[in-house]
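Peer 1: For this note's numbering, count along the sequence shown from 1 and bump the result up by 1.
Simulated from the structure, these hints should not be mistaken for lab results.
In this text, all values refer to a predicted model and were calculated from it rather than measured experimentally.
Please note that the accuracy of each hint is not assured.
The following label-pair restraints were derived from C-beta to C-beta distances [said to hold, decoys possible]:
| id | residue 1 | residue 2 | range |
| --- | --- | --- | --- |
| 1 | 139 | 72 | 13 to 23 Å |
| 2 | 87 | 59 | 18 to 28 Å |
| 3 | 65 | 182 | 31 to 41 Å |
Just so you know, even glycine gets a beta-carbon here, dropped at the ideal spot from N, CA and C.
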Amino acid sequence: MARTLLGALGLAASAALLAACSGGGEVAGTPNTTSAPPAQSSSATGPSEAPRVSTPLPTDALLNRPCDALSAAQTTEIGMVDPQSSQTATGPQCRWRSASDRNNTITIQAVTANKGGLDDIYFTKPQSAYFEPVQIGGQPAVYTSNLDARPSGTCVLWVGATDQLAVSVGAQISFGQNKTNPCPVAQRAATAMVENLRG
């Protein structure tokens, strides 16, 4: 089956992803939603290095109500406002803006264009400008994109919701204390998302 390349998707998810906060740790995020070109299936090249998702997350909200990925209390705590949902070529997404600076954004997108979850993300590792596996609330995850825009305020974090679905959490920080260190903003949003989806 054809897959979506992380390169183009990473740019999509990183071109306009999470932007973070000033002072009180407020954040907001939005990815650029360009569709990505198809890529060769990783099954053709052997087994993936991606870790399995031992505890799948409920995906109904991600797929049908993406702005419910975070609760109202969480968005207030993180300092985000104005959730905007949309359906893109790569999957449903929600973008929030920072209450303190509307140029800072966070975007959460269920990447339904890929059917292999984190396998598809690991498949593009050779083309990645950075690739840093982590755990987010017990879920396998990885910071990666084909363009390293972290020094200029953009960080892309992929979380394995199930073995078939990876979720992109992007932070684009244009102003504030996290402009040169946006990944903690993405991590905070992703951690909140996992906690919320688990209920």
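Peer 1: Next, verify each hint and record whether it holds.
Peer 2: Hints, one by one, checked against the model:
Distance hint for residue 139 and residue 72: a CB-CB separation of about 19 Å, consistent with the stated range 13 to 23 Å. Distance hint check for residue 87 and residue 59: the Cβ-Cβ separation is about 21 Å, which falls inside the suggested range of 18 to 28 Å. The beta-carbon spacing between residue 65 and residue 182, approximately 33 Å, falls within the hinted interval of 31 to 41 Å.
This entry satisfies every hint, going by the numbered hints stated previously.
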